[in-house]
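Trainee: Chain by chain, the residues run as shown.
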Amino acid sequence: MAERQSEQPQSDSRRRFLKYSGAAIGGAVVGGVIGGAIANTYRKSPAPAEPDNPAKQPPAADFNQAPMFFTQSQLQLTEAAAERIFPKDELGPGAAELGVAFYIDHQLAGRWGHNVREYRMGPFQAGETTQGQHQSIPRHEVFTMGLQAIEDASKSKYNKSFTQLPDEEKDAILTSLQKGEIAVVSGVTGQAFFNLLRTMTLEGVYSDPMYGGNKNMQGWKMRNYPGNQMTYTAIMEKEEFVKMEPRSLHDHFGSH
Amino acid sequence: MATKLPSVPVVIVGMGWLGGIIAAELTKQGVKVVGLERGKPRSTQDYYMVHDELRYAQRYDLMQDLSKETVTFRNNEKMTALPMREYGSFLMGEGLGGAGIHWNGQTYRFLPYDFEIYSKTVERYGKNKIPEGMTLQDWGITYDELEPYFDKFEKMAGISGGEEPEGLVGKRSSPYPTKPMLKTPALKLFEEACKKLGYKPYMMPSANLSEQYTNPDGITRAGCQYCGFCERFGCEYGAKADPVVTVLPVAQKTGNLDLRTYSNVTSIVHDGKKASGVIYVNTLTGEEFEQPADVVILAGYVFTNVRLLLASKLGKPYDPKTGQGVIGKNYAYQVGGARATGFYEDREFNLYAGAGALGMEIAEFNGDNFDHSDLNFLHGAGIRISQTGLRPIANNSVPEGTPNWGKEFKQASIKYANRVLTVSAQGASLPWRQHYMDLDPTYKDIYGMPLLRITYDFLDQDRELVKFMGAKTAEIMKEMGPTTIGTNDQLGSYNIVPYQSTHNTGGAIMGADPSTSAVNSYLQMWDAENVFVVGASAFAHNSGYNPTATVGALAYRAAEGIAKYLQQGSGLVV
Chain A
8 MAERQSEQPQ SDSRRRFLKY SGAAIGGAVV GGVIGGAIAN TYRKSPAPAE PDNPAKQPPA
68 ADFNQAPMFF TQSQLQLTEA AAERIFPKDE LGPGAAELGV AFYIDHQLAG RWGHNVREYR
128 MGPFQAGETT QGQHQSIPRH EVFTMGLQAI EDASKSKYNK SFTQLPDEEK DAILTSLQKG
188 EIAVVSGVTG QAFFNLLRTM TLEGVYSDPM YGGNKNMQGW KMRNYPGNQM TYTAIMEKEE
248 FVKMEPRSLH DHFGSH
Chain B
17 MATKLPSVPV VIVGMGWLGG IIAAELTKQG VKVVGLERGK PRSTQDYYMV HDELRYAQRY
77 DLMQDLSKET VTFRNNEKMT ALPMREYGSF LMGEGLGGAG IHWNGQTYRF LPYDFEIYSK
137 TVERYGKNKI PEGMTLQDWG ITYDELEPYF DKFEKMAGIS GGEEPEGLVG KRSSPYPTKP
197 MLKTPALKLF EEACKKLGYK PYMMPSANLS EQYTNPDGIT RAGCQYCGFC ERFGCEYGAK
257 ADPVVTVLPV AQKTGNLDLR TYSNVTSIVH DGKKASGVIY VNTLTGEEFE QPADVVILAG
317 YVFTNVRLLL ASKLGKPYDP KTGQGVIGKN YAYQVGGARA TGFYEDREFN LYAGAGALGM
377 EIAEFNGDNF DHSDLNFLHG AGIRISQTGL RPIANNSVPE GTPNWGKEFK QASIKYANRV
437 LTVSAQGASL PWRQHYMDLD PTYKDIYGMP LLRITYDFLD QDRELVKFMG AKTAEIMKEM
497 GPTTIGTNDQ LGSYNIVPYQ STHNTGGAIM GADPSTSAVN SYLQMWDAEN VFVVGASAFA
557 HNSGYNPTAT VGALAYRAAE GIAKYLQQGS GLVV
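Those protein sequence lines, which keep their order, are chains A and B.
So the number in this note's numbering is just where the residue sits in the first sequence, counting from 1, plus 7.
So the number in this note's numbering is just where the residue sits in the second sequence, counting from 1, plus 16.
Among the hints, erroneous ones may be present.
[As the list claims (entries may be wrong)] Taking lysine-lysine pairs in the DSBU-like style, the calculated list, with each CA pair at most 35 Å apart, reads:
{"#": "1", "chain 1": "B", "residue 1": "Lys56", "chain 2": "B", "residue 2": "Lys44"}
{"#": "2", "chain 1": "B", "residue 1": "Lys204", "chain 2": "A", "residue 2": "Lys228"}
{"#": "3", "chain 1": "B", "residue 1": "Lys423", "chain 2": "A", "residue 2": "Lys177"}
{"#": "4", "chain 1": "B", "residue 1": "Lys145", "chain 2": "B", "residue 2": "Lys494"}
{"#": "5", "chain 1": "B", "residue 1": "Lys431", "chain 2": "A", "residue 2": "Lys177"}
{"#": "6", "chain 1": "B", "residue 1": "Lys494", "chain 2": "A", "residue 2": "Lys250"}
{"#": "7", "chain 1": "A", "residue 1": "Lys186", "chain 2": "B", "residue 2": "Lys56"}
{"#": "8", "chain 1": "B", "residue 1": "Lys423", "chain 2": "A", "residue 2": "Lys167"}
{"#": "9", "chain 1": "B", "residue 1": "Lys56", "chain 2": "B", "residue 2": "Lys580"}
{"#": "10", "chain 1": "A", "residue 1": "Lys245", "chain 2": "B", "residue 2": "Lys423"}
{"#": "11", "chain 1": "A", "residue 1": "Lys228", "chain 2": "B", "residue 2": "Lys494"}
{"#": "12", "chain 1": "B", "residue 1": "Lys332", "chain 2": "B", "residue 2": "Lys94"}
{"#": "13", "chain 1": "A", "residue 1": "Lys250", "chain 2": "B", "residue 2": "Lys216"}
{"#": "14", "chain 1": "A", "residue 1": "Lys245", "chain 2": "B", "residue 2": "Lys195"}
{"#": "15", "chain 1": "B", "residue 1": "Lys460", "chain 2": "B", "residue 2": "Lys56"}
{"#": "16", "chain 1": "B", "residue 1": "Lys423", "chain 2": "A", "residue 2": "Lys186"}
{"#": "17", "chain 1": "A", "residue 1": "Lys245", "chain 2": "B", "residue 2": "Lys494"}
{"#": "18", "chain 1": "B", "residue 1": "Lys431", "chain 2": "A", "residue 2": "Lys245"}
{"#": "19", "chain 1": "B", "residue 1": "Lys483", "chain 2": "B", "residue 2": "Lys187"}
{"#": "20", "chain 1": "A", "residue 1": "Lys245", "chain 2": "B", "residue 2": "Lys44"}
{"#": "21", "chain 1": "B", "residue 1": "Lys199", "chain 2": "A", "residue 2": "Lys245"}
{"#": "22", "chain 1": "B", "residue 1": "Lys423", "chain 2": "A", "residue 2": "Lys228"}
{"#": "23", "chain 1": "A", "residue 1": "Lys186", "chain 2": "B", "residue 2": "Lys94"}
{"#": "24", "chain 1": "A", "residue 1": "Lys250", "chain 2": "B", "residue 2": "Lys211"}
{"#": "25", "chain 1": "B", "residue 1": "Lys423", "chain 2": "A", "residue 2": "Lys95"}
{"#": "26", "chain 1": "A", "residue 1": "Lys164", "chain 2": "B", "residue 2": "Lys423"}
{"#": "27", "chain 1": "A", "residue 1": "Lys245", "chain 2": "B", "residue 2": "Lys211"}
[Claimed, not checked] Short, incomplete list of chain B residues facing chain A, as computed with Cβ under 8 Å:
{"#": "28", "residue": "Met65"}
{"#": "29", "residue": "Leu70"}
{"#": "30", "residue": "Asn91"}
{"#": "31", "residue": "Lys199"}
{"#": "32", "residue": "Tyr242"}
{"#": "33", "residue": "Cys243"}
{"#": "34", "residue": "Asn412"}
{"#": "35", "residue": "Gly422"}
{"#": "36", "residue": "Lys426"}
{"#": "37", "residue": "Gln427"}
{"#": "38", "residue": "Asn434"}
{"#": "39", "residue": "Tyr459"}
It is worth saying that the hints were derived from the structure and are not from the lab.
Each residue gets a CB set at the ideal place from its N, CA and C atoms; glycine is no exception.
Extracted from the complex, chain A is given alone in its bound form (with noise of 0.2 Å):
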């Protein structure tokens, strides 16, 4: 760490972080990227300001990266597990770093996770493969299901928590479950779980920044994706990529 650092004033809430997490639950540091905090993968702390750049700001805090529905262990999980889905690596963030674990923790928190807008009525009986799938346990159960079975499988196997393994061992239980060789709970394969899983971590890595994930828009930036834009009518005919600067729906908003 360089020297400067100790006189921004991160390094004071650094150090008043460690002193109040160990405290709190008896001086056991917690795992994961949450009391990663230290690390500063989740960036949830300001970048530090650069020592040419005294007086630039660091950036207003994100309020909305805070869970309101998972637990913290399932918070952490859940960012674990999306970022073996859709990793970190020279192209750019990963999962956790586009805040996709919030994504999916607001998305089950809402009308989503509790299938307010899908057929509830019974009987609920099992059918064909090519009539879909009937069983009557809410989204966000399965999901916090099926994190409980990532987790049971990686004790099991590997006599630690998910959080806990290397790459290839989490990537060796989230194979196990996509093959199905996992279960989850009656009605619920730890195939279709997977592929929750999957399909959520996409979302929380394409969606409009103002659900949670995307953050800074990077994960668009990383493919070129241009987002919200009003027009192209200019470049149909063009022949060559266009590349240009992407915009959310909180830039459409503001700007109007």
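We have chain A already, so just place chain B on it with the hints.
Mentor: Just chain B now, kept in the frame of chain A:
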């Protein structure tokens, strides 16, 4: 207890394309009309934040709330039908404008062959060419008779199109009202490839205006901006033709339309021979009303029309065992699946941009445009490329063999995000004795009314068609020079889970014979002269084209029939 309202000349159930067109035509002639729409009101202001893939394309914001009502489905009578609990195969719109709000805007006329499909098939190949159980029948109207109504619909909507291959599609009395859409590099590739193979590619006729346009009703709309948010979305520019920006304002302006939203019709009041009105529920308050009328027009989606007729016991319900009866008969869909996908290492296209009806098509393998003598299927498919705008949640194509998660997936899906083109075939769906709609014996909606039950599957006819078309799409794609190609020419059972198409047809089919059809060529019920049942419910089969142009043409035809009936006072108008 339903509150009985004062009688009106005409009541229309459903204010989408059909209700909108008919309301506009009748109110312009001074007829007083009550329009009942069960969903909410809409305007282009509702689409201010519409470029939201999650909300509209993934969470189906413009669609019917399935928790209130859905359909049940089984492949055949050996299965128990189960409700479609979440959206998949097709998407049911709701609210003012109906499906006309969230469609793509692809606007093809059905072929002359389609309207006389039975006669023409027998004429060319003999009766034995039609397999046992395939209930092919003529529509009771010819393409030439319907042509002026196609023309009317296209001029109202401002359809953008260009030159079309003579002899392969129906003749036109006038050119398209606006020029074709812009030809992008991807479309040019398709065009060149098709020409090399000896085909005659043409621009997809588009309801997304290629330029600003003022229609015969004096409605002016702006040109499409190619924003890439068409199907499943509303158009904030008014460029995509939808009822709310075209025909409903015309009807409103006359002062003769009493439009009531949140009004869900639950039954038709009738004495077996004539309807006297409808019963509807205010979906917000639960209050029930009876709206008496001289003429009742069913202009809802296919499922709504058929379900209302069955639940109200109007018309003869279809019995698949005997083949007798008509309400629910000849359900058809669309046969997709045949496609070739090309991945390009050396080229990138601006695929994030597009419009719902931006594309090109060839007609050589549609209808009876090619010789079926040695083939094991009838009809065919429209083969096309489209550039509708590849949105990132839904489009993460990777070459075969790539995992669908993890680092390799991320890298490949990002690499090919703007480097993948697809040539696909939209196949016709022919009717069978065992494919039909009726009322479910178990599942109900929130009002306690039985849900509509669909019995439908893909059969050998469809598999042979897909195999044939798969080869044709692959041939074209190969000519387009990608680095890798993925193809599909296989078709399993019909599965309600993955999205395929929202082209559901049949159930109240038109024809010349009252014993085998529900409505005549003006869409007037044979069994109840003051009831008109309008929409794709009238299709005796579904063609290898999108249905809306034909639906629109039939709506204009029906409007004429309704006006005639009102003048006559009684009797069949055909």
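Trainee: Is B/Lys423 within 35 Å of A/Lys177, Cα to Cα?
Mentor: Between B/Lys423 and A/Lys177 the Cα gap is close to 13 Å, so the pair holds against 35 Å.
Trainee: Given the hint that B/Lys423 pairs with A/Lys167, test it: the Cα-Cα distance must not exceed 35 Å.
Mentor: Holds, because 24 Å separates the two Cα atoms, which is no more than 35 Å.
Trainee: Between B/Lys431 and A/Lys177, is the straight-line Cα distance small enough, at 35 Å or below?
Mentor: Roughly 25 Å between the alpha carbons, so the hint for B/Lys431 and A/Lys177 holds.
Trainee: Answer holds if the nearest beta-carbon of chain A is closer than 8 Å to that of B/Lys426; otherwise answer violated.
Mentor: 5 Å, holds
Trainee: Measuring from the C-beta of B/Leu70 to each C-beta in chain A, is the shortest one below 8 Å?
Mentor: This hint holds: B/Leu70 lies near chain A, its Cβ roughly 4 Å from the closest one there, short of 8 Å.
Trainee: Given the hint that B/Lys423 pairs with A/Lys186, does the C-alpha gap stay at or below 35 Å?
Mentor: At roughly 18 Å apart (the allowed maximum being 35 Å), A/Lys186 and B/Lys423 satisfy the hint.
Trainee: Between A/Lys250 and B/Lys216, is the straight-line Cα distance small enough, at 35 Å or below?
Mentor: Holds, at about 33 Å.
Trainee: Given the proposed pairing of B/Lys483 with B/Lys187, does the C-alpha separation stay at or below 35 Å?
Mentor: 30 Å, holds
Trainee: Is it true that the CA of A/Lys250 sits at most 35 Å from the CA of B/Lys211?
Mentor: 31 Å, holds
Trainee: Take the C-alpha atoms of A/Lys245 and B/Lys423, compute the straight-line distance between them, and say whether it is at most 35 Å.
Mentor: 32 Å, holds
Trainee: A/Lys186 and B/Lys94: Cα distance at most 35 Å?
Mentor: With Cα atoms ~30 Å apart, A/Lys186 and B/Lys94 stay inside 35 Å; holds.
Trainee: Can the restraint linking B/Lys145 and B/Lys494 be considered satisfied, given a maximum Cα separation of 35 Å?
Mentor: 33 Å, holds
Hints 7 and 20 from the earlier list are contradicted by this structure; the remaining hints agree with it.
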